[in-house]
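A.B. asks: From first to last, the protein sequence lines stand for chains C and H. Number 377 in our numbering belongs to position 377 of the first sequence; there are no gaps in the numbering. Number 911 in our numbering belongs to position 167 of the second sequence; there are no gaps in the numbering.
There's no promise every hint is true.
[Claimed, not checked] Sample of chain H residues facing chain C (criterion: CB under 10 Å; computed from the structure):
no.: 1; residue: 751
no.: 2; residue: 756
no.: 3; residue: 805
no.: 4; residue: 809
no.: 5; residue: 882
To be clear, the hints were calculated from the coordinates, so they are not data collected in a lab. Even glycine gets a Cβ: it sits at the ideal position worked out from N, Cα and C.
Chain residues, written in single-letter form:
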Amino acid sequence: MKVMKRDGCLVDFEISRIVKAVDKAFIAVEGASYKEASLQIGEAVARATAGMEQVSVEEIQDIVVEHLRSTGYAEAAAAYQHYREARDLERMRRGELYKISRDVIGVTNLELLRENANLNGESFSGKMSRIGSEYAKWMASKFILPTELTRAVRDGYVYVHDLDQYALGTTNCIFIPFGRLLAKGFNTGNGSVRPPQSIMTAMALVAIIFQSQQNSQFGGVSGSKIDWDLAPYVGKSFRRHFRKGLAYFGEAGLGEDQPYERALEDHEIYIDNEQLKDIYPRVYHYAYQETVNEAKQAAESLIHNLNTMSSRAGGQIPFTSLNYGMCTSTEGRLVSHALLDATMKGLGGGETPIFPQHIFQCKQGVNQAEGEPNYDLFLKAVECSSRRLYPNFVNVDASFNLVYYNPGDPDTIIATMGCRTRTISDRFGRNRLSGKGNLSFNTINLVRLGIEHGIVQGKREVPDLNRFYQQLDHYMRIAVEGLIHRYELQADQPAKASDFMMREGVWEGGEALAPEDKVRELIKHGTLALGFIGLAECLKALTGRHHGEDEDSRGLGIEIIRHMRRFCDAAGERYNLNITLFATPAEGLSGKFTKLDRQTFGVIEGVTDREYYTNSFHIPVYYPMAAYRKIRSEAPFHELCNAGAISYVELDGNARQNTAAFRDIVQFALQQNIGYFSVNHPVDRCPACNYEGIIGSACPGCGALEADGNFQRLRRVTGYLTGNYTERFNSAKQAEVRDRVKHL
Amino acid sequence: MNVCGYIPESINEGPGLRAVLFVSGCRHACAGCFNTDSWDFEAGEPFTEEMSAAILQDIQDNPLLDGVTLCGGDPFFSPEECAAFVRRLRTLCPAKNVWAYTGFTFEALIRQPKLRELALLCDVIVDGKFELERRDVSLPFRGSSNQRFIDVAASMEQGVTVEYILR
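Chain C on its own, in the form it takes in the complex (with noise of 0.2 Å):
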């Protein structure tokens, strides 16, 4: 007789096997063998299969239950069914597991592969590390994860960000000292890198330390005042080509064999030192050329690296962003001049860089205003976004960005991780920006609960606010506590672990930590977030109006997000962390709640009908709204939102064409205490002709239609660039950017 196992093989039938596997169930409950028990169980099932060709795996378990059971061994039945179900349960991961692998590398789902817009999910090395990803999400899952923060995942109420980092502990994003950084030196792993001497070499090293960095963390990586940190670096050029110009060019009476008058000392050589133009003026009118022409091939080789090095994970270029346009020193003026320069100018064939995120800080008195000294770069800052879509404006005068700023401080200003992570405050002093970052985040699904207790659904009048509020903070609980398990995985981590950031201090005082020392003490300057999504669905689904619709609604919205700001503060103080309220930039997952969503509740017009939810606090992009009230709707929530947001216009037209339109727009936006902006337009690009703006169905350039064009088209997604954007957004990315409405 033959034995049918599970994958279909046949082997043949051993009486030894199954009194081995009845003893271990004998000795798992009684704790001792029972030989003959067994033995006898063993020949009954052969007699039951006599006569018998073939018989399945199953068919012989059963028997053996039965047999067990009417013998007078019921605990010894029940140890058996036991182990054989940890068995099923173990083969049934191992098929969990197969399938994750499969639909990686047979491409048999795509959306798996387009969570992320910035990896190419289709490309070998991203397959890798999606296979990789996906089982560590599972892992931490089936695992790691609090019960409650599972069932709350599976049910639709809470996402869990980055669950695929969840059990290694490593943490989320960075704002990096540069400054200090560039002026120690520092170390690769595999090399030390000297303090630079020039700008080439600086802005050369600024690509080295985000690729060094990236892969200490998961999220974004971010130079708060690359102006600031890369100032000394122009000086030290200039002084460099100064020298030279004075060896060669032999001025101020003196001939070409002579030695200098005098001297000159290091710290008298700089751009703003008119002595030097008087003395030397066709030294300084080459050192100064050389310096400016550096600069900009310096930040054209910045650009053209941060867009090439896919070292993320393999297939991953990493997020990077750089704040600028406060420093107003002439060599720290250079430098954003330079970055915006390049950006204009594009990448090889003139298409628009994807990175880094540029974003540049405003401030009243510095650059807003005619007269003011860096008023210039904002307005060049205006044209380059109106080409490029970047940068994006943060607001160094809003309110709640104000009070942190000390204008004898340049980390004191406010920056953004390109997406719009903001971790300036820290109850433990730190309130700066470099050397530190956000860990981790979880969203709620505002939706659901707008849902289940709102009038959409027909089963009351008016909507059950008190118990809308009981159930959000239950899950804003689980949210929050599922944070704190993650930040004691993160915290218990040794600082080896994240390596470069640790070794060389990029996470500020891990430079003095041994490479096995807990980074605990450190990481507590971070903050942890809990994100929301989809205030507009909720809404509408809880009073049947939505914020832009409605000046009721928008009342209760600012209510149930201040709300949330409340409960932040509070568990903020109870757990003495930094525990923020974040508008959840929402990529991979602005599909995933709204599918679930729909599953339970069917589809609700204006709640569950279209394939995605509205980002945070939003106003949804499909609703036809001024910009100058869509700007006044949303600007309440910004100083609420303390773990960042970011608002949008979107522009239907040649915006290039009308910068004073959109410099009124972003100015607009500003003073209504908006902390950080943004203007959408179509930057479409014709690869046969270059022709870059809008294109239809055919291109104004030369003609080429759709169908040959091929035309590029780039989109924003959560505050990055992404390439065209048919090919790497997800279907509910692609979704809404359809339904985006121009506010223009």
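Following the hints, complete the assembly by docking chain H onto the known chain C.
C.D. replies: Just chain H now, with coordinates in the frame of chain C:
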């Protein structure tokens, strides 16, 4: 007079953010026109007192607007109604500037009393027919290179046609 469109905020019909009113009716019949539906004087809906008031209110409420643009069609085929609207606009929103698009040349406009009256109420007039062979997509705010931006006040003051320089 009928209107066939109103855009509360646009960046495409003059510098800054502008409200744009599309006045129905045009007899220029330029080849390659982007908006042939608007040639019909019956296109769209009647420009009623209510609509006029609502649009003026909307313009008044919007702090971001630099001005208003009359587009079409060609507003100079409905000069009296348009002039009445612009006069009310001037009273209610003295800070907003007014642009108008027309297929006539500026010189032609100021020869005819009714057209002249509307022209003098505008700050800038984008004049001339759209000429397909001179079409240029890189030009801001106009379709073909023969079309000019006319600075109305300067032109009247100096007695010659003065072009408005985009900044």
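A.B. asks: For every hint, state whether the structure bears it out.
C.D. replies: To see whether the hints hold, each was checked on the structure:
{"no.": "1", "hint": "751", "verdict": "holds (8 Å)"}
{"no.": "2", "hint": "756", "verdict": "holds (4 Å)"}
{"no.": "3", "hint": "805", "verdict": "holds (8 Å)"}
{"no.": "4", "hint": "809", "verdict": "holds (9 Å)"}
{"no.": "5", "hint": "882", "verdict": "holds (8 Å)"}
Figure legend: structure checked against the earlier numbered hints; every hint is met.
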